[in-house]
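Student: These protein sequence lines are chains V and L, in that order. Under the numbering used here, the first residue of the first sequence carries the number 1, and numbering increases by one thereafter. Under the numbering used here, the first residue of the second sequence carries the number 1, and numbering increases by one thereafter.
Don't read these hints as lab results, they were simulated from the structure. Don't take every hint at face value.
Partner residues are not named here, just some residues of chain V that face chain L (Cβ under 10 Å, in silico) [unchecked claim]: (1) 6; (2) 8; (3) 11; (4) 17; (5) 36; (6) 41; (7) 46; (8) 49; (9) 56; (10) 57; (11) 60; (12) 61; (13) 90; (14) 91; (15) 106; (16) 107.
Using N, Cα and C, we set each Cβ at its ideal position, and we do this for glycine too.
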Amino acid sequence: KNQVEQSPQSLIILEGKNCTLQCNYTVSPFSNLRWYKQDTGRGPVSLTIMTFSENTKSNGRYTATLDADTKQSSLHITASQLSDSASYICVVSPQDQDRGSTLGRLYFGRGTQLTVWP
Amino acid sequence: ETGVTQSPTHLIKTRGQQVTLRCSSQSGHNTVSWYQQALGQGPQFIFQYYREEENGRGNFPPRFSGLQFPNYSSELNVNALELDDSALYLCASSSRVAGAPNTGELFFGEGSRLTVL
C-alpha cells in the first residue's frame, strides 16, 4: 500500500531555532518527493522537489534531504521565523508506468504542524 | 499568487444536496487535479483532468464527478452530499507533456471550504 508517514505530528520551537521534520514513504515505484508549506485554510505552496538521484535541495532557509534507498526524507528549517508557523506536508509522486505521466496522482502525508513562538 | 483561482471560497450545504466547485487553472496549464482535505489530514487525490478527459481517479465514489473545459478550467461536482464530505477542496494545475517524467510543478488554489450540515 502506498503510504507517506510524517513525524512529529506537531512541533513547537522558539524563533531563531532550527528544526527537522521527517518523512517516511512506501510509495513505489518512486518518481519524486516534494515538500509543501500550507498555512491554515490556504492551498499548499511548494518548497522543494527532488527526484531519485537528488540527495539534497535547498530553498532559502529550507533544506530537504532524500535517501531513496531507505525511503526517507527530511526537511530542515534554519533560523526559524514566526511566519514559518504552518503545516509542512511531504508528498510523494509515483511513476506512472501505463500513461507516462500522472502529475496529479500524489500521495500526501498528514503534515507536521509547526508553531514558532517569539 | 499561484495563478490558480477557486470559487466559491466557502459554502454551506445540507445532506443530500448537490454542489459544484470551480477552478481556473494557471495560464498555459493543461492539467487540473482535485483533492479533498479533511480537517487535520493531508489532501486525498480525487481525480485529474487532462485535455478535457479524466486521467486517473482516486478512491472516491461516482457521486464525485468532474469536467474540464476547452480553456482548461475545471469543475468538481458532488451529488447526494454526506456529512463526511465536509472538507477543503483543492485544485492544482500543471502543464503535462505526454511521456515526460512527472516532475513538473503543481500550483494549488486556495481551496473551497465545504460544510455539509
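Student: So, for every hint listed, does it hold in this structure?
Tutor: Structure-based check of each hint:
no. : hint : verdict
1   : 6    : holds (8 Å)
2   : 8    : violated (14 Å)
3   : 11   : violated (15 Å)
4   : 17   : violated (25 Å)
5   : 36   : holds (8 Å)
6   : 41   : holds (7 Å)
7   : 46   : holds (6 Å)
8   : 49   : holds (6 Å)
9   : 56   : violated (16 Å)
10  : 57   : violated (12 Å)
11  : 60   : violated (17 Å)
12  : 61   : violated (20 Å)
13  : 90   : holds (9 Å)
14  : 91   : holds (8 Å)
15  : 106  : holds (6 Å)
16  : 107  : holds (8 Å)
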